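Construct the complete structure from the given sequences, taking the supplied hints into account.
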Amino acid sequence: MENQGLRIDRIRHSLAHLLAMAVLKKFPDAKLGIGPIIENGFYYDFVITEERGTNADSRGRTLSETDVPQIEETMREFISQNLEFTGEKVTPKEAKKIFKDQPFKLELIEDFVKEEKELTIYRTCPSTTYNLQPTTCFFDLCRGGHVENTSEINPDAFKLTKIAGAYWKGNEKNPQLLRIYGVAFETKKELDAHLAFLEEARRRDHKRLGIELDLFTFSDLVGSGLPLWTPKGTILRNILDDLVWKLRKERGYQQVDIPHIAKKELYERSGHWQKFGDELFKITTREGREFALKPMNCPHHIQIYRRKQFSYRELPQRYASTTKVYRDEQTGELSGLSRVRAITQDDAHVFCRNAQVKEEILKIWEIVTEFYALAGFNLTVRLSLHDPNRPEEYLGSPEIWQDAEEKLREIIQEKGADASEGIGEAAFYGPKIDFMARDSLGREWQVATIQLDMNLPERFDLTCVNEKGEHERIVMLHAAIMGSIERYLSILIEHFAGAFPFWLAPVQVTILPVSEKFQEYAKDILTQLREADIRAELDDSNETLGKRIRESELRKIPYLLVVGEREVASDTIAVRERGKGDTGTMDIDVFLERISH
RNA sequence: GCCGGCGUAGCUCAGCGGUAGAGCGAUGCUUUUGUAAAGCAUGGGUCAGGUGUUCGAAUCACCUCGCCGGCUCCA
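Counting from 527, one number per residue, gives the positions in the first sequence under my numbering.
I should point out that these hints are in silico values taken from the structure, not numbers from a laboratory.
Because the structure is a prediction, the values reported are computed rather than measured.
Incorrect hints may appear among the rest.
[To be verified] Pairwise CB distance ranges (calculated):
{"id": "1", "residue 1": "K688", "residue 2": "E1079", "range": "43 to 53 Å"}
{"id": "2", "residue 1": "E813", "residue 2": "E936", "range": "26 to 36 Å"}
{"id": "3", "residue 1": "E1119", "residue 2": "I765", "range": "42 to 52 Å"}
{"id": "4", "residue 1": "G814", "residue 2": "K626", "range": "58 to 68 Å"}
{"id": "5", "residue 1": "E855", "residue 2": "R935", "range": "24 to 34 Å"}
{"id": "6", "residue 1": "G814", "residue 2": "E996", "range": "20 to 30 Å"}
[Stated by the list, open to error] Straight-line Cα separation of at most 25 Å, DMTMM-like style, residue types lysine to aspartate or glutamate; simulated pairs:
{"id": "7", "residue 1": "K714", "residue 2": "E813"}
{"id": "8", "residue 1": "K941", "residue 2": "E776"}
{"id": "9", "residue 1": "K623", "residue 2": "E633"}
{"id": "10", "residue 1": "K626", "residue 2": "E642"}
{"id": "11", "residue 1": "K808", "residue 2": "D783"}
{"id": "12", "residue 1": "K772", "residue 2": "E614"}
{"id": "13", "residue 1": "K1043", "residue 2": "E1077"}
{"id": "14", "residue 1": "K758", "residue 2": "D1113"}
{"id": "15", "residue 1": "K640", "residue 2": "E614"}
{"id": "16", "residue 1": "K1082", "residue 2": "E840"}
{"id": "17", "residue 1": "K615", "residue 2": "D746"}
{"id": "18", "residue 1": "K619", "residue 2": "E603"}
{"id": "19", "residue 1": "K790", "residue 2": "E805"}
{"id": "20", "residue 1": "K1082", "residue 2": "D1050"}
{"id": "21", "residue 1": "K1043", "residue 2": "D1097"}
{"id": "22", "residue 1": "K1073", "residue 2": "E1119"}
{"id": "23", "residue 1": "K790", "residue 2": "E855"}
{"id": "24", "residue 1": "K808", "residue 2": "E919"}
{"id": "25", "residue 1": "K834", "residue 2": "E791"}
{"id": "26", "residue 1": "K1049", "residue 2": "D1115"}
{"id": "27", "residue 1": "K1049", "residue 2": "D987"}
{"id": "28", "residue 1": "K933", "residue 2": "E855"}
{"id": "29", "residue 1": "K758", "residue 2": "E1057"}
{"id": "30", "residue 1": "K801", "residue 2": "E614"}
{"id": "31", "residue 1": "K933", "residue 2": "E885"}
{"id": "32", "residue 1": "K640", "residue 2": "D627"}
{"id": "33", "residue 1": "K801", "residue 2": "E725"}
{"id": "34", "residue 1": "K772", "residue 2": "E855"}
{"id": "35", "residue 1": "K850", "residue 2": "D731"}
{"id": "36", "residue 1": "K733", "residue 2": "D746"}
{"id": "37", "residue 1": "K789", "residue 2": "D768"}
{"id": "38", "residue 1": "K552", "residue 2": "E610"}
{"id": "39", "residue 1": "K834", "residue 2": "E998"}
{"id": "40", "residue 1": "K850", "residue 2": "E918"}
C-beta atoms are modelled at their ideal positions from N, C-alpha and C, and glycine is treated no differently.
Take a look at the structure:
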């Protein structure tokens, strides 16, 4: 019996070869990159140039979307020919001969020789002949892992999905290749399920839903990556932020407020000027002084701490600000709310003694757990460590790092959390405990983060006066609960498909009078709801009741209250719940009671 | 930033060398509505912006801006 996972991998790998064959059939001069398997499928990289005419301005023909169905069809033809994949070991010389027209393959051969790896070449020989060098067979440099015969591949269980650019060997200094992606499964049923998942993800896309639900907008004049928040969207932001603040306040945090720019010198001292480089939005004043929009809040909070000499008795000092940071992301990296240039962080910094670190981290951990439980997220934990092979990317000595990382590891152990460890995932000033949330579609997102920082206190000489009257070095904790409100909202919108739970819905209740005659009663209900702090609206527009119900359902309002003759007579409301239809008539007090928990 | 695909009314889109269209939304009137779309009428566009080609450009070319999918990056 074959292992399921291996079998599907072999199918995907084989399809990558067939993809290359199909592309070569259409573009015999295509240069091949690599074609590995990936999650749910495979891809293959190519350079495709086809001379078109001989005049001076002839341009290389490149593959376009319209070629994809044809390539897919060719792949199916190959599958139906019951082709075999046969591998044999070759010498570098033999390999180079076979791939003499394939510069990328030649480079790989060189790499393999350097690494003293064995060279294997796989051969597939389709019955339809076409111009493949050196014979009609297709050869690929490959360590194996194919199906034995294409008859093992279900021709209806794969699909080419998209074309994209990709750098050779993933390095942006290398030439860019054309990458064709495909998805593949053992059965058509699995493929259909996957395509349905993609469709569902597309349906929930926050960029689409956010505009539809009128939560945010973008303006070409304001600029890309700079979302503008509408009244409804702002309600969402404030609800979330208030919640975080409430949890923080209970644990001794204090709000502080800071400007959005600072002098170059601040960021030089913190290390951000060097570390962020081109990502800083820089400003030169008329007097020629250099400022930057803040890329992080820690240096500002640090300066608040530095305003006076603290006694150990006054520690920890816990400062929180919900404020924006600005990063000049490359335009191609921007995407909806997930990746923006103006990022609202719910940022806090704890200045404390070494011995207080554990307790403070546990407090933040509590906030994180409580906050995410509200949206129904289960969190997983990752300990993000520095990469010892790239010391130039981090501040501070190896000893400091080891110490800090060990401390976090202990806390995670004590919490009994099942944490993974991510080498190279640390911040440049310290290791982190990161929290990941799994959304309703099963996708994982990094959300909250707790960072232990022993470096910035060093750089800014942060101390307290201890029991002996000495200046004692303190440590800093960076704690963001949502991380970025923009990003967290993008996750929430998709998680709930825009149907926010009652506590979060920008509009919680819409009142629908059956006709104009019941407007007064409806207004009376509206007042009562608003007095009870319910975010309620009245829809008395001149439309049929059915139409107004439809519109409110599409706006994903949690409750609709229909009031007409019967309700006026009995001083009640008819309650319709989102997605559930009419749930009956009740007194308004009963309704208020019902929604209060 | 790079590769590819796009940009037409508030939204979704058609038109693709002969001078601007539909549905929804908006506005007005009629209707006074009982749980997912009442009827009629009206308005609405420097066809993203710019420069060319052409007798003529939404349509073709080039540049800029913006969006989407990837790549690179994400402290």
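Consistency of the hints with the structure:
Between K688 and E1079 the CB atoms are about 33 Å apart, so this pair departs from the stated range of 43 to 53 Å. Take E813 and E936: their Cβ atoms lie about 50 Å apart, and the range 26 to 36 Å is violated. Restraint check, E1119 to I765: a C-beta distance of roughly 22 Å breaks the suggested window 42 to 52 Å. A beta carbon spacing of about 59 Å between G814 and K626 agrees with the range 58 to 68 Å that was offered as a hint.
A beta carbon spacing of about 32 Å between E855 and R935 agrees with the range 24 to 34 Å that was offered as a hint. Restraint check, G814 to E996: a C-beta distance of roughly 42 Å breaks the suggested window 20 to 30 Å. The suggested pairing of K714 with E813 is violated, with an alpha-carbon distance near 68 Å, which exceeds 25 Å. A hinted pair counts as satisfied when its Cα atoms are at most 25 Å apart, and K941 with E776 qualifies at roughly 21 Å.
Only pairs whose Cα atoms come within 25 Å are accepted, and K623 paired with E633 is accepted, the gap being roughly 13 Å. For the given pair, K626 sits about 20 Å from E642 by alpha-carbon distance, which is consistent with the 25 Å threshold. With a CA separation close to 21 Å, the supplied pair K808 and D783 stays within the 25 Å bound. A C-alpha spacing of about 67 Å is found between K772 and E614, which places the hinted pair above 25 Å, so the restraint is violated.
As the CA atoms of K1043 and E1077 are separated by approximately 21 Å, the hinted pair is consistent with the 25 Å bound. Distance check on the hinted pair: K758 and D1113 sit about 28 Å apart at the alpha-carbon level, beyond 25 Å; violated. Between K640 and E614 the CA atoms are separated by roughly 20 Å; this keeps the pair inside 25 Å, and the hint holds. A threshold of 25 Å between alpha carbons decides the hint, and for K1082 with E840 the separation of about 48 Å lies outside it, so the pair is violated.
Straight-line distance between C-alpha atoms of K615 and D746 comes to about 57 Å, which puts the hinted pair past the 25 Å bound. Under the criterion of a C-alpha separation no larger than 25 Å, the hint pairing K619 with E603 is inconsistent with the structure, at around 33 Å. About 14 Å separates the Cα atoms of K790 and E805, which keeps this hinted pair within 25 Å; it holds. With a CA separation close to 24 Å, the supplied pair K1082 and D1050 stays within the 25 Å bound.
Simply put, K1043 and D1097 have alpha-carbon atoms about 15 Å apart, close enough for the 25 Å limit, and the pair holds. At roughly 29 Å between alpha-carbon atoms, K1073 and E1119 are farther apart than 25 Å, so this suggested pair is violated. Taken as a hint, the K790 and E855 pair is honoured in the structure, with Cα atoms around 19 Å apart against an allowance of 25 Å. At most 25 Å may separate the alpha-carbon atoms for a hinted pair to count; K808 and E919 meet this at roughly 22 Å.
Taking the CA atoms of K834 and E791, the gap is near 20 Å; set against the 25 Å cutoff, the hint holds. For the hint linking K1049 to D1115, the alpha-carbon distance of about 16 Å falls within 25 Å, and the restraint holds. With a C-alpha separation of about 61 Å, the suggested pairing of K1049 with D987 is violated against the 25 Å cut-off. Simply put, K933 and E855 have alpha-carbon atoms about 33 Å apart, too far for the 25 Å limit, and the pair is violated.
Between the alpha carbons of K758 and E1057 the distance comes to roughly 19 Å, so the proposed pair stays at or under 25 Å and holds. Proximity of K801 to E614 is assessed by CA-CA distance (about 49 Å); at most 25 Å being required, the pair is judged violated. Distance check on the hinted pair: K933 and E885 sit about 12 Å apart at the alpha-carbon level, within 25 Å; holds. Taking the CA atoms of K640 and D627, the gap is near 21 Å; set against the 25 Å cutoff, the hint holds.
Taken as a hint, the K801 and E725 pair is broken in the structure, with Cα atoms around 39 Å apart against an allowance of 25 Å. Restraint check for K772 and E855: not satisfied, since their Cα atoms lie roughly 32 Å apart, outside the 25 Å limit. Distance check on the hinted pair: K850 and D731 sit about 24 Å apart at the alpha-carbon level, within 25 Å; holds. A C-alpha spacing of about 16 Å is found between K733 and D746, which places the hinted pair at or below 25 Å, so the restraint holds.
Simply put, K789 and D768 have alpha-carbon atoms about 31 Å apart, too far for the 25 Å limit, and the pair is violated. Of the supplied pair hints, the one linking K552 and E610 holds, its CA atoms being roughly 21 Å apart against a limit of 25 Å. Of the pairs offered as hints, the one joining K834 and E998 holds, with about 14 Å between alpha carbons and a cut-off of 25 Å not exceeded. Between K850 and E918 the CA atoms are separated by roughly 28 Å; this puts the pair beyond 25 Å, and the hint is violated.
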